[in-house]
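Got two chains here, each in a separate frame; can you build the complex from them with the hints?
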Amino acid sequence: MSATSVKDLIEKPELDEDSALTKAKHFVGDYGLGILFIGVLVFLSIASPHFLNSENIWNVLRQASIVGVIALGMTFVMITAGIDLSVGSIVGVTGILVAKAAPDGTSAVIVPIIVGIGVGALIGFINSAMIVWGKILPFLATLAMLALARSAALVISGGTVVSGLSEPFQKIGSGYVGPVPAPVVIFFGAAVLTDFVLSRTKFGYHVYAVGGNEESAQKVGISVGKTLFGVYVLTGVLAAVSGIVLTARLNGGVPLSGTGYELQAIAAVVIGGTSLFGGIGSIRGTVLGVLLIGFVLNGMDLLNVSSYYQQGVQGLILVLAVLLNRWRSD
Amino acid sequence: MSTPLVALTDIKKKFGAVTALRGVTVDVMPGETFALLGDNAAGKSTLMKVLTGVHQPDHGTIEWEGEKVTFPTPAISRTRGIEMIYQDFALADNLDVRTNVFLGREPKKNLLGIPGLRIVDTKHMERETRRVLDSLDIEINPRLKVRRLSGGQRQSVAIGRALAFDAKLIIMDEPTASLSVAKVDKLIEVTQRLKELGIAVIIITHRLDEAFAVADRLAVMRQGEVVGRFEVNEVSEHQVANLISHGTMGDAVLGHHPGERRSIGSTLSADQPGSPQKPMGANEE
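Residue numbers (my numbering), protein chains in the order written: chain C, 1 to 330; chain S, 1001 to 1285.
Treat the hints as calculated values from the structure; they're not laboratory data.
Do not take every clue at face value.
[To be verified] If we take Cβ atoms under 8 angstroms as the criterion, some of the chain C residues that face chain S in the derived model are: (1) 202; (2) 209; (3) 219; (4) 279; (5) 315; (6) 319.
[Stated by the list, open to error] With a Cα cut of at most 27 angstroms, we get these calculated BS3-like pairs of lysine-lysine: (7) C/202 / S/1049; (8) C/226 / S/1109; (9) S/1109 / S/1123; (10) S/1068 / C/202; (11) S/1068 / C/23; (12) C/202 / S/1014; (13) C/135 / S/1145; (14) C/25 / S/1168; (15) C/226 / S/1195; (16) S/1049 / C/226; (17) S/1014 / S/1068; (18) S/1195 / C/202.
These figures come from a predicted structure and were not determined experimentally.
Don't be surprised by glycine CBs; every beta carbon is placed ideally from N, CA and C.
Next comes chain S alone, as it looks inside the complex (with noise of 0.2 angstroms):
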């Protein structure tokens, strides 16, 4: 039975009067590929943002490879090893391309050998830059500004610094969302590598297809609450929108429903909406 890469457990915050996450347990395993699942506001980016530094939780702790965290800032979950691709790639258009993988770990020298006169280190930068892309098999001009790229170099650039700096955890959010050509069999294959390199990955998502395809495992959240967690072959795509859409797997409608891959276990039951929820880790495979 392994630890968990990372756990969230009761996670709770408010904006103002507006109640965002409502005490949200997720875990995810080293390597596994995960995806969150809801429509817009359930409180998926909200919680990435928690996990992530950008947020603080109100309530709730995290813990990252067994041992309890805090993340008070971005730049400390990232010295973690959790990046983030944003939806937007967080790409600042005006600085070129190898400033923008560095950016906020920009490496440092000393000038001219003088102490405390500490420099950013473009040669390192453009190298290391040169590397990851080559990696990717991308011909990028790591000079280049980022205004002057397509969607799909942009998005390799996130990527790209994403994968600079040793990640364990990347999380994507709404990756097919703002691609060129948003092919599903592209994500299968880039989580698929991901795993290879035994990286964990979480997907922000409301397609269906999309957390299928690529997915280990799927937390459904809604209105704030996780409200289904479930191994991808365990359920099917037509409970889980359900489940997105009205909180209920709805089991009258489910029976009627050809296309289901397998009936729902009664341990489901468990894990609906009102039922206290339970983490789901290792010790239900």
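The following block holds chain C by itself, in its conformation from the complex (with noise of 0.2 angstroms):
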């Protein structure tokens, strides 16, 4: 053994000292949106009497439960740099079927869940195959879905709603547990497993593999195409998840039902710190981004803010969330 080892030759690291922008940037990061919706939270109770209200923190939560699930999947489809417009469509044709297997007066539970989830995760793999098969962008394959899934969902039902649903299936929308409403407990569950698979096991690692370097991953025996489509499949099964949530709330199948979800569910994830351009992004964000956006639309709403204005602010916190999300990631 010569004296020389590879550790001679290659470059020394250079020590690198954090500037003091490098470090606010990075306390932004990893506090920033934490710390706003905290400080949302304090003006919210000192501005509306109502507002720390536990009822009304329920509903808030109640409400946001619905597009909450539907932006975990959103999480993991914009990690790997893609997108899927297609959800808001799939919560209107899971909700139909699911209504439609779950007649009134009978006790059907399980099987209008299965024919829900079983739904989303046709149209998820269906989303894959275009876009890993087919070679489709994922906004050109997903708005192909986002029109097809919604005009299903019409013909299907014959543009009606499908009304009057089984008693035990309608609990999983208004039912609780314990004082926690059963549709924030589907959220924070999903929002468990989801965080787990993300953080913790290899299928999330190559999820943020894909997204941040995607030939890279393919180098390394990263099977891109196998992680893309368990990523849109998992997305389909989420805003499924939403689709019989809801379904079961309005106690009945409403083809338009879902209309927009897309758009509120890419918000919450982008506000929760999430890069469009992939490789970047948590669960616990989403999470953040999500409660965020329903307890700013509460709070007009108690503070008496003309319902007009709450897209638009919606819009603002938008802005903010990705010039914030920029200038901490120069």
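Structural data, given as structure tokens:
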């Protein structure tokens, strides 16, 4: 063995002293959203006497849960640098099919759930087949599915509401676990599960790798195709869960339900710090983004701000979040 | 007479109407340093992508340690001990150092001893990454995002990744091209060290000085074919340069060149274009 080893040959790393600006960026990146969230809560508690009412809080969480579940899946998709515009239509079509599988007067629960999740998985599979095998850009593939699935919802339902659901099925939307509304339990349960998958499992690591550098991921032997299939199927399933919960809560399948949810979910995910360019993001951030939007909209209601302003405020939060994310990742 | 570590025989590969490889035969012995020379688009990288399982050959065979194999994916070639250090290092900027070292081969453990609930073993990744980087005397925090590393640090992560899994063959794609300090003598020492470890190295390069400095043998590729295979000490840089750019050693030209180390023997004429290729193995040594 010679005295020289590889170690003498590789350029020695320079010490990387963090500047104050870099530290500030890391701080904003790690805690910015949380601080903003707490700030909003404190402000609303002071500004409105009704805000901290437990009924109000549960209401906000229950409303946020519907889009929240979708946003969890959207987080995976966006970390791979993709997008899924079909989620709102998946809510619509699963709602119709689930409602048909849970007719009033029966005790159907399991079958409609299986039907709903199966439909979501199938649509997710078709999305990924278009993207991976058909090499169609995610934006276009899922835009087509947005139209197809909505059309399917209208055709199957004949354009009318499928109303009257089985008692036990309605509980998914209107029931409670202790003091907690069932949709909130489902949302947080799904959040814990997806957070685990994304941050602890091999699949989660590959999602980040594919989004960070697809070519590198492929070179080291990660199956990019399999990863994308997993991601879009998961997103389809979560959109279907949202459709199941919404249908149960509305006590009926509404063919146009879920319209526009894709944009709300994308907004929540971006506000939660996920990069549109892929590779960066977290479930925790998304949950905060979902809750932040929920509480801001609720606060505007409580403070008697005209609902005409609500979309505009969401738009402003979105732009600010994007600017902030870019500043900290520069 | 030993078995080659890897023998590629009559490899052909087309991409649509473009023929990238026209029947390439190359073998590499255990522990040897082999240079694959040629211009851009000569087929060097395609050949190595066939070897690592990124591309599937249309025709031809791969033998690994004497056994006929196929590498349908890069993951499978890596399990056999073939590592590639890509020109761009193939790192994911958004992930930390330890994750990059184990990218695609994440170690798993059971969560809370529950069978079936498998999570990535980050402690193992961190420990092993430290061990490999320590053995290179590199101080990089394994939790640092690769985005924040310099070019040299990135290369050491890529080398660390190649060494972390008992590689038998390391392929280096244009190793000095993306280095901040592109010194050939550095490369010499790296490859010597790998040779001491018994690891065979294939260097893909278009730089003659690099090839002549480190390689035991070299092959020249041109337009998807191997146009010459030599022991390094039996040809001159000038002859190889002619072969790369003109596809011929050009005896007349060589005759006037004072810098050549040795005249071309008649044995080499068999390797000239148009002549049948025969694999150069241990039998010629």
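### Query
Looking back at the numbered hints, which does the structure fail to meet, lowest number first?
5, 6, 10, 11, 12, 13, 14, 15, 18
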